[in-house]
Structures are given as structure tokens and as C-alpha cells.
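For the sequence shown, the working numbering assigns the number 1 to the initial residue and increments by one for each residue that follows.
Treat the hints as calculated values from the structure; they're not laboratory data.
Computed from a prediction, not measured in an experiment: that's the story for all the values here.
Pairwise CB distance ranges, derived in the manner of DEER restraints: (1) L59 - L165: 12 to 22 angstroms; (2) A186 - A289: 28 to 38 angstroms; (3) G177 - P67: 16 to 26 angstroms; (4) A159 - I301: 36 to 46 angstroms; (5) A159 - S236: 30 to 40 angstroms; (6) G74 - R274: 18 to 28 angstroms; (7) A182 - Y81: 46 to 56 angstroms; (8) L59 - L215: 38 to 48 angstroms; (9) V60 - S169: 16 to 26 angstroms; (10) L59 - L241: 18 to 28 angstroms; (11) K275 - I2: 30 to 40 angstroms; (12) S82 - G271: 23 to 33 angstroms; (13) A153 - K275: 16 to 26 angstroms; (14) I71 - A159: 21 to 31 angstroms.
Glycine included, each C-beta is placed from N, C-alpha and C at the ideal position.
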Amino acid sequence: MIFVTILQGLLPSFLMVILGGLLRNRLSENAWQGLDRLNFEILFPALIFVAASGRPIALVDVARIGPAVWIILGAGMVLGYSARRYGPERFLDFAGGWQVAWRFNTAMGFIAVAILPDADLGILAVAIGMGIPMANLLAVSALSRGGSLGFGATVKRIALNPFLLASVSGVLVGLSGWTIPAPVLAPIEMLSQAAIPVALISIGATMDWRALARLDRFSAILCGVRLVALPALTFSACLALDVDPSLAGVLVVFSALPTASAAHVLASSFGADRKLVATLIAQSTLLAAVTLPLWIAAVIIWV
1 MIFVTILQGL LPSFLMVILG GLLRNRLSEN AWQGLDRLNF EILFPALIFV AASGRPIALV
61 DVARIGPAVW IILGAGMVLG YSARRYGPER FLDFAGGWQV AWRFNTAMGF IAVAILPDAD
121 LGILAVAIGM GIPMANLLAV SALSRGGSLG FGATVKRIAL NPFLLASVSG VLVGLSGWTI
181 PAPVLAPIEM LSQAAIPVAL ISIGATMDWR ALARLDRFSA ILCGVRLVAL PALTFSACLA
241 LDVDPSLAGV LVVFSALPTA SAAHVLASSF GADRKLVATL IAQSTLLAAV TLPLWIAAVI
301 IWV
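Starting from the given sequences, assemble the full structure and let the hints guide the process.
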């Protein structure tokens, strides 16, 4: 019964993804890329900022959530490297795919956490705020090793990430306890409400629905780390340490999310194999349709 309830909660999102697939040929590739850029630069930063600034945040929240998120991402990077010998010979191409093992889909995070009985999007926003800079640091560092981007350019790319800027700004507002005036907050909230629908439609439009047929040992290891190993380790640690249920639920769901579509954009900008990364993104997203509801059910039953 719980599993059916979870599937019902996720069904509207899956239908939006399917709608995107049906609309794929209605817009040009440039139009879909422009939509992704709009979401990356404006809509999702608005959503992250609203979630992070919407409730007071204590320093203790940052102190307990940040290290947990960083450990999850670091574990993904370490475990994902086990796929090295099965991956592309060129390290840059491997690095493009390697980031799939730890990067996370923010849109699916907000959808999945909202289904939890003790849903706290504020905790998720803090987790995202702490996780985005680390995820980008790990990804850009790996791609820089395989490419030619210098240290200064690497730091600049990380520092100017819109998700990072929105996360940090929202967390700072939450920590300050300052209430944003309604006339100022209202347009930001309007933008935030468009983020998830636009993201889901775009995912469906750009996804390779036949990607699972190309699942090999390399992609299976990376997707297994992202969707099975990380949430299993996080779930076990939360039970062993008796973590607060609201925080444990967010951490488990966070660790079980499919990889971010931004991984493709970043890999492309470094000259890594774009097709390989796009395939891995599609594979992790399609497989997450099975694994994510299972982890949500595990959280509801046992945490």
C-alpha cells in the first residue's frame, strides 16, 4: 500500500517526462537547449533560494547537514572510480562519465522529498546548498585533470554557478532570520513554481529512451553506485547513528537521486564525450524510476 502511494505521488512527474518525450519534435534542439539554460540560470536558482530562505536556519543545521552531504558525494567519487578500467581510454572522457556517480538531480530531489511524511524542503535546500559547491568542485577538478582548464578558470566556474549562488544566498537569509518583503519575494516565487515542470518536460524531450539497451559494465557500475550503493550506505548509517527521521529521510533520498542533466553541459564545455554522458544521464534517470520509490518506501517504513 505504501509503495502504491509513493508511485501515485511520483506519477504526475513521470507523466510530465513522458509529455516532454511526445513534444520532442515540436521544438528545435536549440529551443530545448535554451529552455535548459533558462532553468539553469533563473528558474531553478529561484526555487532553491525560496526553499532555503523560507524558514529560519540554525548554524547547527549547516554543521550537521554539510559534512553528511560531503561524505555522500565523496563516497560516490571513490566508489565510482572502480569503473575506470571498464571506461574510455582517454581520462577526460572517463571523467565526464565519472561525475554521474555523485552528481544529483535537484528537480527529482524536491519531488521525492515532498512525498515523505516528515517532508522538510528546508533541510533539502540546505543539503543542496552544501552539496552543489562540492559536487562542482569534484567534477570540475576531475575534468580539469583530463583537460586544459587552469586553476583560476576552475575556481571561477565553480564560484559563479547559479545553483551555488542561489543556495548560499538562501542559506544566508535563513541564517539571518530576515523576512524578505512580500512584493520582492512574490516574483521569485512565481519563477520557482515553473522550475520543476519545465525541468521534467525538458528531461523527457532530451532523454534517449533506448539508453538502457546500451547498459554495459562501465555504466552499470556508475549507475549502481549512484542509485544503490550510496543510498544503501546512507540508510545504514542513519539507522546505526539514530539520525533524526526528517534529516535521515532527506539524506537517503538525496543519496538515491539520479544524476544531474547539468553533467552533460559541464562535460561538453570541457570537450569530453557528450554522447557517453547523455547516455549515462538517461540510464540513471530511467533506472531511478524503479529504485527511487523503493528507497522512499524504505525510509517511510524503517526510518
